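K.L.:
Spelled out from the first residue to the last, the chains are:
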Amino acid sequence: MAKLTFKTDNCKGCGLCVDACPKQVLALAQDKINKKGHHPVEAVNIEACIGCAFCATMCPDCIIKVER
Amino acid sequence: MADKVLMKGNEAIAEAAIVAGCRHYFGYPITPQTEIAAYMAKRMPKIGGCFLQAESEIAAINMVYGVASTGKRVMTSSSSPGISLKGEGLSYLAGADLPALVVNVQRGGPGLGGIQPSQSDYFQATKAGGHGDFRMIVLAPASVQEMADLTVKGFELADKYRMTSMILADGTMGQMMEPVSLDFEVAPAAEKPWATTGTKMEREHNIVNSLFLVPEELEKSNFERYERYKYIEENECMWEEYLMEDADICIAAFGIAARVSKNAIVEARKQGIKVGLIRPITLWPFPTKAFAAAADKVSQFISVELSMGQMIEDVRLASGCKVPVTLCNRAGGMIPSPEQVLDAIIEAAKGGAK
Amino acid sequence: MVVFDKPHALTDAPMHYCPGCTHGIVHRLVAEVIDELGIEGRTIGVAPVGCSVMAYNYFNCDMIEAAHGRAPAVATGVKRADPENHVVFTYQGDGDLASIGMAETVHSAARNENITVIFINNAIYGMTGGQMAPTSLPGQVTQTSPYGRDVNHCGYPVKVCEMLSKLDGPEYLERVTVNNVKNIKNAKKAIKKAFQNQLDGKGFSLVEVVSSCPTNWGMTPKQALEWIDEKMIPYYPLGVYKDRSAEKEEA
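Protein chains in written order, with the numbering used here: chain U, 1 to 68; chain G, 1 to 354; chain W, 1 to 251.
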């Protein structure tokens, strides 16, 4: 299992990471709003994460750190 | 005494710039200043410098902006229509507080105008070089020697105050040949900790910028800049007074107009008319004090200009409208003759001058 | 083991770009390349006017903000000030590079100025709210082409890589995009080459990045990336348009 760290307050909720993930690990947190007023990304299925970093590669705001 | 060489005014500017440590020149050909570019094209490669003919005056001033950002002495030169194109860059240089030297060897306008000498860019140089609140130090040479002297001075002032110095010459000054000494003591360039030369990973990044989206910050930068301008106005005014001790009529003229006026003054004095000259060497800062002091002594000013009357407005302001200020001018590339100026002096003397 | 983190050459400043705007991806790629080549300490970036006007806040190297379209001229000055040590890049949008700054673009390419140009082509003026760009597609609806870009009235889009490839000057021209992971990896390869060329003294290297503008295209970020595949790439085909060194090797 890989580890994902999010700079949640910098997330703009664009969802590009969610779509990029091949394992459906990520989702936008519909019940949360960050400082910018967006629904930020969160890991809803971290067990499935393979640490491919596709999410971080697509993220325009560099908010995802990926460790394996 | 240092050896003198016979040079064209334009060449004197170019060589003086090299003596002042300028190793980067960017320009675009335009009459009557192209000798500066041609001289630089010959000299720069021999001394490890860079001459580059830009695709336009706009590109040239922005290349200047690039070198200036790195803290090195840099210049461009042009003539009136080309300076208009550089206006954008002049404003950005001011907004980013970058030092640079810009030479305007003026020709008649507006529009494409002509190629003969003129002083009709006075307003542009001293009031409105581009958009926004800013000033340039404007230096007006009246001899080939001064073309060289003021070029060196221009670089020093630009560095000292982090702003553009402009040499405001005209076609006659550019083309005229006179003996000139190029033996200068050049002040060493100031430290430039703001320059963008790479962080070397040893400091925070430097940013050269003129964008302030927060109005309070933009206002603050303007206020700070004008504090500096105020200091310059108090400390850097340069002018020449000629036969002013007992003068009853004062001619105001710069550059070639001042030289013509001196001839007329000599003739007028022979006829018993007490006339003198105040020749601004810095057009900005304008030597207000000299004119204010003269306004208490003389009964009339005559502004002699190669324009429709531009500096005359500053003479009126400086003299507080205490005495009449009249205009003696030619325009469109024409130069007032000593006879024309003499007639104006005689007319002034008749019209109530003591 | 860290597989992915923010590159050092990017500052911690949150970027002002709209959600899903690919400017952020390209910024990061440039920063990653600067990190990998170990050149942050001698790199000077030149920001344009347009959406990326504040790029100077996002890169840790020294930065200069240029007048609209003039970045290649400014970069020319910076490079010529110290050709041995300065690594200089411009980052420009389509309005900046292909409209108001066309002369500076063409002539810096013709001079083979030894600089790296990152060109963001998203077929619209973003900063001013979505007006027609020199690269807006025929028929594309924008604020200033509300009935669609009519080529009979305002002409055709400018294909920058194709146009510059006709010049003898430039060293390297490639068009890439960043609409999926694979394309992002290719884009990074091109950007790295464009910087490496400068380090090797080869000359003018331009990477055109076909990008998205979800806000002004009126789409979701996802739709915008799909629109790149559907509409942009057919008009602006990806690929290498000039690679002088490779051509020489082949010859």
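By construction, these hints were calculated from the structure, which means they are not laboratory data.
Fair warning: there could be bad hints in the mix.
Stated by the list, open to error - Some chain G residues flagged as far from chain W (calculated, every beta-carbon gap over 10 Å):
1. 47
2. 88
3. 202
Said to hold, decoys possible - Per the computed footprint, the stretches of chain W lying under chain G, defined by three or more beta-carbons under 8 Å from a beta-carbon of chain G, are:
4. 14 to 26
5. 40 to 48
6. 185 to 192
All values derive from a computational prediction rather than experimental measurement.
The C-beta atom is built at its ideal place from N, Cα and C for all residues, glycine as well.
K.L.:
Test coverage of the stretch 185 to 192 of chain W by chain G using CB-CB distances below 8 Å; three residues minimum.
P.N.:
violated (count 0)
K.L.:
At 10 Å, judged by beta carbons, does residue 47 of chain G keep clear of chain W as stated?
P.N.:
holds, 15 Å
K.L.:
Within the stretch 14 to 26 of chain W, is the number of residues with a Cβ closer than 8 Å to a Cβ of chain G three or more?
P.N.:
Check failed, 0 qualifying residues.
K.L.:
Can the stretch 40 to 48 of chain W be counted as covered by chain G under the rule of three residues or more with Cβ-Cβ separation shorter than 8 Å?
P.N.:
holds (count 6)
K.L.:
Is the nearest CB of chain W more than 10 Å from the CB of residue 88 of chain G?
P.N.:
violated, 6 Å
K.L.:
Verify that the Cβ of residue 202 of chain G lies farther than 10 Å from every Cβ atom of chain W, and report whether the claim holds or is violated.
P.N.:
Contrary to the label, residue 202 of chain G does not stay out of reach of chain W, its closest Cβ about 7 Å off (not over 10 Å).
The structure fails hints 2, 3, 4 and 6 (numbered hints given earlier, in ascending order).
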